[in-house]
Amino acid sequence: MQRIGVFVCWCGSNIAATVDVAAVSEALGHEPGVVFSTNYQYMCSEAGQNIIKNAIRDYQLTGIVVCSCSPRMHEATFRKTAASAGLNSYMVEIANIREQCSWIHKDKAQATEKAIILGRAAIAKVHLNAPLTAGESPVTKRALVIGGGIAGIQTALDIADAGFEVDIVEKQPTIGGKMTQIDKTFPTLDCAACILTPKMVDCAQNDKINIFAYSEVKEVKGFVGNFHVKINKKARYVDATKCTGCGECTEKCPMKKIPNEFNLGLDNRHAIYIPFAQAVPKVATIDPNACNMLKNGKCGLCAKVCSAGAIDYKQKDEIVEREYGAIVVATGYNPIKLDDYDEYAYSLSKDVVSSLEFERITNAAGPTGGTLLRPSDGKHPHTLVFVQCVGSRCSAEGKGKSYCSKICCMYTAKHAMLCREKYPDTEVYVFYIDVRSPGKNYDEFYRRAVEEYGVHYIKGQVGKVVPRSDGKLLVQGSDLLANEQVHIEADMVVLAAAIEPDKSARPLATMLTASMDTNDFFTEAHAKLRPVESPTAGIFLSGACQGPKDIPDTVAQAGAAASKVIGLLAKDKLTCNPCTAHSDEMMCNGCSSCEKVCPYGAISYVDKEFRMPNRTTAIRRVAVVNEAVCQGCGACTVACPSGAMDLKGFSNSQIMAEVDAICKM
Amino acid sequence: MQDVNQFKPKIVAFCCNWCSYAGADLAGTNRLQYPADVKIIRVPCSCRVNPMFILRAFQRGADGVILCGCHPGDCHYTTGNYYARRRMTLLFSMLDYLGIEKQRTRVEWVSAAEGAKFAATMNEFVAAVTQLGPNKRLEDLRCKN
Amino acid sequence: MQELMLAKAKELLQNGTVNRVLGWQAGEFVYDITPAVFESEQDLDAGFVYNEFCGNNLSKYLIKESRKEGKVLAFLKPCDTYSFNQLIKEHRIIRENVYVIGVPCEGKTDGETLKSKGVKGILGAKSEGDELIIDTLYGEQRLSKRDALTARCLTCKSKKHVVYDELLGEEGEEVPENHRFEEVEKLEAMTPDERFAFWRGELSRCIRCNACRNVCPACSCEKCVFDNPASGISQKAAADSFEENMFHIIRAFHVAGRCTDCGECSRVCPQNIPLHLLNRKFIKDIDAFYGEYQAGEDTESRAPLTNFTYDDVEPSIVYKGGKK
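Chains A, B and C, in that order, are what the protein sequence lines are.
Quick note on our numbering: the first sequence kicks off at 66 and runs consecutively.
Quick note on our numbering: the second sequence kicks off at -13 and runs consecutively.
Quick note on our numbering: the third sequence kicks off at 135 and runs consecutively.
Hint data in this document are derived by calculation from the structure and do not stem from the laboratory.
Glycine included, every Cβ here is placed at the ideal spot set by N, Cα and C.
Worth double-checking, as some hints may not be accurate.
To be verified - Straight-line C-alpha distance at most 35 Å; calculated DSBU-like pairs for lysine-lysine:
1. A:661 x C:144
2. B:88 x C:291
3. A:381 x A:295
To be verified - Just a few of them, taken from the derived set where beta-carbon distance is under 8 Å, the chain B residues facing chain A:
4. 8
5. 15
6. 88
7. 89
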C-alpha cells in the first residue's frame, strides 16, 4: 500500500476562486492510502515546495498528488521537489484543476466536485506508479556520413571542425558527388569546381576525417549512440596506399571504349580510370566489367607501367566494421531516366540532352573542352530550346513525379544566360509552366536572363520534338500567354529532368529503420521543427535525400545536421526516457505486431529458452524493447493482442484505474 | 445534490499529451467554458488508447467516451494517430453494429492551438450524449451505485 | 482420397520425412471427428479418416506440433492453408518442421446440419456432384449440397491452397463470388434497436465456455488477456450483459485483420451463436475502408491494423453509415 500525500494548490485565486480548495483537500484526505492532505496558496513557490518536501519526510510518503495547474506547466518542478526529498520523481502525479477545471467552470459546487474527481483519478493512478529510473547509454564519439557529395562533405567538415571523428562512405571512386559535374553555379556564376574541390581536399587532409571511397554500407545494427556498421570496401584492384594518381596506367590501358559515367556517356574512358583530375582520393580504379585482365586473364599492361607497383588484380572486397554514435544520410539525388520521353525524342536524337549532360558539354573539363557543340555532328548550335518540368509536377498516375524538383528553373535560367553570353549568335527559348525563383538574388538572376540576355521565355509545354532528316529538331509547343502554337527549328533541345532520390536510399532506410515518404525521400522527425533529424534517434538527414534542394540549401542543411550530430556526440551518456514500453516475455507471442507499428525500430526479437512443466524447456520468439530508442508513444501496447506489451508510466492498469475513478460517482 | 430530473452525463476524454491535452489547457487559459461532466485522461499519444479502455469506461458508468489526438500528419511520434484512426474507426463501426449508440463515441483531432475547437467539441459532444440519456446498452449493473 | 492420404502418410513415415501425422480421427459416430496426431502406421490404420465430416481446421495444432522434435505431416484443406499462412506470418508455426499436404475439399457437412434436415441414424456420407449421399440406418438418403453443407462452406472463399509442399488430388479453383457478406449486410440494414435486440438475443446465450477462443487459429496467444489478472479485464465467466459483449468485442478486435474467416468459432459454439458475423463485420469494414484484404493469403503483407495510409477514412465515417 502506498502512503500518499495530497497537495492542493490555490494558485492565488486562480483555483481558489472557483474551487473550494479546503473541501478538496478534506475529501481527498479520506481516500484510501492518503496519509496527508493539505492546501496552500502557491504550491510551486519555495514555501509550497517545502511543504511537500517536509511531508515526504515526516509522513514517509511513497507517492504524491499535486492538484494544481497543468502538468505541462509544473510537473517537472514537482518531480524535482520530490527527488530532492528522496522520493522517486516518477511517484508524482498532477491533477489538473486549473486549466481543466477552475478556469473553465463558473459554478463553484460543480468545479469543486470535478476537482475532487480529478484528484481521485490521480490518487488511483499513483497507487499503481512504480519508481522509474532513466537509463543511460554511452555515446561512441564518431559519426558516419553516408554519401560524399557536397552535403556529406560539408557535414563531415563541420563535425570534424568540432573535434569529432567522421567517416565518409561514398560508393563512387571519388567524393564530390553531382556538384563535380556541374559547370557554373547560380546565382553568382562561380565555377562549381573552384568552390567544391578545395572542400574535397580539406576532407582528405583533415586528420579527423576518414574517407571510404568506392565503398557501401552493408549492415547497420545498434541504436543512437551505439551503431555498429559494416562497410564494404569494394575491390579497386589498385592498392590505394601505393597509387600516386599519376595516371600513367589510364593512358596505356588498351580498353578505351568504355562509356564515361562522369561525362554521362558523352565520351569514353579506359578500363582503369580516375574519374576526373581533382578526384579525392586520387587513386585509379579498374572497372572489373571492362578489364581484359580481370575477365580473361590477358593483358596486365597497367601493372607493367605502374612504377609504384600499385596494381593488384587479386584484390578482394573488404568488410570493415566500425562503431558510431550518429549516422548522417547524405545519399543525394539523380536525374530521372528520360528513355521513356519519346515525345521529346530523347532516345531518338543525340541533340536532345538532359540538363546534366548540357552541364558537361559546357564544362571546360568536359568532353568538348567547354565549347558548345552539338553531340551529333560537333557543329555549333544556333537555336536552343530548353524544356522545363520534364517529369516534375506530373499527375500521380502517369510517368514522372508529382513534386516540383525545385532546382530546374534556376539552372535553366543559368544555362540560357550562359549560352547567350558566350555565343551571342544563338537564339534561346525556354518553355516553362511557372518560373519558380524564390531565394536570395534568384528572381533578379532569372530576370537578367530575360531582360539583359534576351532569352525567350514561353509559358507553355512542348508537345513534341521531331528530329528532321536535315539534322534540325522541330519543336512544337504552345504559348499559353499568346494562345497560339509555336514551331521552332532547333539545333539542340535541353530537357530539365526531374530529380529523384538515389536508388540506394530505400535499402539504406530499411537498414537504418528510418522512414521514407512515397517518393523515397527520407522523412524528417518533424516537418517544421526537426527538419534535419529522422524520427529514428541518432539518424540525421543532409541534402537532397530529404527533398529536392539546390546547393545553398544543401550546405545550410548539411551544417544544421552537423550541429545536431555535434550536440549528440558532445554528450558522454544519453539519458533515456524512462516511460518506455516493455514486454512481458511470459505472455509474448513473438508475432511481430508491435514491431510493425513502432516508428523508431525499437523492438527486436530474440529466441529465448523457457522452462516448461515436467522439466522440459521450450524456445520461444519474444519481443525485446530497446529502452534507449523507445520514445514511449504506446502504439505497440495496443497492437499487442496478448497484452504482453505495456508502457511504464502509462500502464494499462494505471489508465484503467483513472477511468474507474472518473466514472465512479 | 443533483437535480434528479436533469441527466448529467459522465464523459471520459482521452487526450494525447502533445496536441489535444495542450489544446484543452489552452481552452482553460482562454477561459472557454465547457461542462464539468468532461474529465480528461492524459495519454502520451492517441495510439496508446486501447479499445479496452473505452469499453472499461462504459462498463464503469461513462455515458460517452471521446478520444482527441494530434491532427493526422502532426503526431509527435509521427505515425501514432494513423494507427489510432484505424483502430477507432473499426471499433466504432463494431459498436454500431452491435446496436450501441454510435453518438456515444467520437474521435476529434485537436491541435495545441485549437483551444476554441476543444471547448466547442466538448460542448457539442456533451449535448449529444445528454440527448441520448444514460448509457444502458453497455452498462455493467454491478458497477452502478 | 482417404486411401491416397493413408498411403502417402505411411510412405512419408517410412522414409523418415516425417515422424508423425496430424489428421482427423473418427469418434463414436462417423460425424464425431476430432483432430489427432498419429505416430505409427498402426495408429493410422486404427483411426485415420478423411471424409465429408472432417471440417476441423488443423492449423492451430501446428503451433505446438511444429515445436516438437522432428517433422510433422499436416493434411490441410484449402481454407486451412490460409490460417496456416497467417500463423507462419506471425512466427507462430515453425515452417521447416511441417510437411504440408494439400487435400481437396468439396465442402463439409456435420451431424447437426444433417439432423436439422431430418436425417437420422447417420452411418456415412459421400459427395457426388451437387449432392451428398448419406448412408443411414434407414437406407440411403440424398440431400442437395445447398442443404447438406455447413453454413460456412456455402460461402467458401477458395478451393485452392495458398501454401503446400505437395498436393493430393486435383487442385480446386478459386471461388469467384461467395456472397459471404450478405448476412452482415442484412444486419447493417436493421435499425440500431433491432441490431441491439438481435445481438442481445445471441450473445446472452454465451456460456463463456471459451470454445470459440480455443479453436480459433488467430486466438493463439500464450496467455489470453481474459485469463490474465494483470490485464485489468480478466474474466473467467461472463457475469452480465456487459461482459458478454466485452468478451466478444475484444475477441473480434484482437483477431481483426488476422482472422481468415475460417468459421471455426461458429462451428464449435455449443450455443450456436453466429460468432463469425462479428469477424466478418471487421473483414467487410477493412475491405471497404482500406482495400480488400484476405488474411493468410500471403506471409508478407502488413495486417490492416498495423498499417495505414495518410488519407485513411476518419472514424466519423461510422456516423455516415460507413459510406465513403
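Hint-by-hint comparison with the structure:
1. A:661 x C:144: 42 Å, violated
2. B:88 x C:291: Holds: residue 88 of chain B and residue 291 of chain C sit about 31 Å apart, inside 35 Å.
3. A:381 x A:295: 16 Å, holds
4. 8: With a minimum Cβ separation of about 6 Å from chain A (threshold 8 Å), the hint on residue 8 of chain B holds.
5. 15: 6 Å, holds
6. 88: This interface hint is violated because 20 Å lies over the 8 Å limit.
7. 89: Constraint on residue 89 of chain B not satisfied, violated at 18 Å.
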